[in-house]
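Student: Since chain A is already given, all that's left is putting chain B on it; use the hints.
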Amino acid sequence: MAGDDFRLRMILADVREMSDRHWRQFDDSVRLMDGKAWVGPSARVFERELRRNRQVLQAQLQKAVDSLRRSGVGSGSGVVL
Amino acid sequence: MSGDGWLEPGVCGVQLSMFDQLTLEMGRSEGDLEQLGRRLYAALASAGADTGPALEISRVARWAHEAGTDLRRRQRLAQDLDAQQPRAALSVVDGVFVRLPDEYSDQQAQISGYQAADLFERATAGDRGALRSLRNYERFIGDPYFARGLLEKLGAVGVLNVPFGLGRELRTDANRHDAMLDANTADTRAAMELLGRALADGTRPLSAGYAGDGFLTALTAAGRAGFPPENSRPQYFGYQGLGTILGSGSGAVKYSDAFMRVVGRDMLAHERQNDVASWRAVPDAAGIYASVASQGEGEQSGHYLQGLLMAAGASRAGAQILLDYTPAGETSGNLRYLLHERRRMWAGTDHGAALGNVLRTAASGEDERSREIFDEIVRVLGADQLKLMKYEAGGLKIDDREAFDELSGLRAAMGDLLISQLDHVSTKLYAAEDSGHIVRGSRERTRLLLAVIADTVTDDAAYTALFKAHVGHLRLWIDDQNGKGREGEVGLAMGAGSLGRLLALRTETMKALKVQEDKVNAALKAKIDFGLGLVDPAAYLTRFRVPPEITGPAGAKVFDEISKHLVERLGENAEKGNTENHRISDEDRMRDLVNQMLLSSAVFHLEYQAAEVVGEIFAENGKILPPSTWDEGQAEAFYDWCRERDVPIPKLNNTVNSAVDSARDGAIEKFAVGGDRR
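So the protein lines, in turn, are chains A and B.
Heads up, the first sequence is in my numbering, so the first residue is 1262 and it goes up one at a time.
Heads up, the second sequence is in my numbering, so the first residue is 4 and it goes up one at a time.
Looking at chain A on its own, in the form it has when it is part of the complex:
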């Protein structure tokens, strides 16, 4: 099972890398909205959706990493590749 474990570790590393890269995906947009790039009724709707989707994105990235960890990958070994 050592090979399988290795493959799963590679996947986890991959997913972690994806998570890190996209964790701040919407931050610039949120910053621009904070700076009032766009104001008005439809802008408020957009901003709410933007913040909600940023939360969803981060929660799902976290969930993906967690579920891979739970399926035994990397648990206990202490080794991070």
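Hints were generated in silico from the structure; no laboratory data involved.
From chain B, some residues computed to sit far from chain A (all C-beta separations above 10 Å):
{"#": "1", "residue": "G129"}
{"#": "2", "residue": "M348"}
{"#": "3", "residue": "R372"}
{"#": "4", "residue": "R448"}
{"#": "5", "residue": "R648"}
These stretches of chain A come out as covered by chain B in the derived footprint (C-beta under 8 Å, 3 or more residues):
{"#": "6", "segment": "1272-1283"}
{"#": "7", "segment": "1286-1298"}
{"#": "8", "segment": "1303-1315"}
{"#": "9", "segment": "1319-1327"}
Some chain B residues well away from chain A (every beta-carbon gap over 12 Å; in silico):
{"#": "10", "residue": "D85"}
{"#": "11", "residue": "A128"}
{"#": "12", "residue": "E141"}
{"#": "13", "residue": "G336"}
{"#": "14", "residue": "A605"}
{"#": "15", "residue": "L628"}
In this text the structure is predicted, and so the values were computed from the model without any measurement.
Backbone N, C-alpha and C fix where the C-beta goes; we use that ideal spot for every residue, glycine too.
Tutor: Showing chain B alone in chain A's frame:
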């Protein structure tokens, strides 16, 4: 201090460079997240883990795509708006914002308004392609954002300049007999309608398209300015152009109260200051080319004020705002000016038809102001007509036919007004006739009212409408009284007297105007001879439940309903003049009519048992047949039956009889007192 409280409802603001960045950011996220979703799905699936997070992220990617698409559209529009109308940008604490409608479709409409403004400018300069292209914008008619864009871009001067430019082009076409003249005329008319609707929508303060108070003021300045603009020797002034624009809606386009208060009143005030000096018909911009286009030199040219009157006639408040006002520096109100001082001018144009439209709208309501305006119309118009009518040898005499007809175009509207104020008028006249000693001055007021009625009934259509309304009204009233078990002697005398007076005034004024045959009267009289009053409008009444106090206009409908039954029963005879009965006096005929009504209404309200009418020739299956179907034998049998049973026979009493008898003399003799002063 931040927030977007400075934004009007339905509007959003963007700071262009930041918005560009935002659009760019979101566009990037779309692609990134779409790819992330796919890669994450593959990773999780190959690890045998839950793929839920990847699916959720794909959903976020789809949202980002939708939001990004929306942003890109808005970005394009914001850039367009900024390029076309840099002045629209607004600087507040948070930055410099381009304002645009919040809804995408509204933004599109506003942009289209800007585009249409360009086309209008080009068309005004003679570009026929641009004029034709404006046809593509008809779908934006009624869109406030379109109106706003159009007015903002064109500006007040630009708006008023359009009719002059289009008029000049059409004139050129006409002069060289251009084959495209008809097509160009149609395009021009369509363009004017588009502009007129936009002007109405964009000057409505509560509309999202409101161009602002400043625009209204700018319109008044442009209206008084010379045109074409920037011309050292202007030939026209702006209000002539506005007249054409306002008239393009044919009186169906409603302008706001604010528009009438600011622009309408100023336009009329300007006309009062300038026209009075020359008393020359000043055409509107359409009139400038219409006379050439139709090649009829002698044709009546319009006056630019007609457009304003047409527009004011589209709403009661607007009409009242215009009429019930005295401009600064003038001694008479606008109503008096238009109806009296300007009388000779109307004779040269539409004889007061457009004016009639406004008067009708302003005075036909049930509100106090309507009533006041109606009374003022009677005072002014009545005094002028009265001067032209003389009482001579027991009849009326009108010497100056031309002067009498100066406002002939007004009569149709006056007919409608008299109908709408039918109760008011009948009560006034009856009270005046009933006692000669009521209020001081009431005698003069009566004469003025009679003069107005006499003038109005010289118009066939107005007379017919009035007569119908009176008959129907009286019939409804009788029914209402019967239903309540009342006698209503005075009311009956009032109604019968009104009818008699109407008929007398018609007969006498037609005689005075030396009109030979009176077909209208003959047809109405024939209807009475054939039993008009016997027809029961009960079916109509139960269907509509018309309250008798508002039956001026409803009366005419009732009349139509009962004459329809009459014609159905008697065929064409009921419509034809009956020469045999010409010897019956008008008074007798009126009495016949009222008697018929009383009888049919009484039968309708009669309570009886089926057994009581068994074997009677006026009944069938235990029910009394409708009086309108009776022959003389049946009628007599009915009267006998009533007498036997002590059922009161509905009949005219003395009050009513004398009201009918005195109607003619009472009306005509009123013209005697001081009637010949001029």
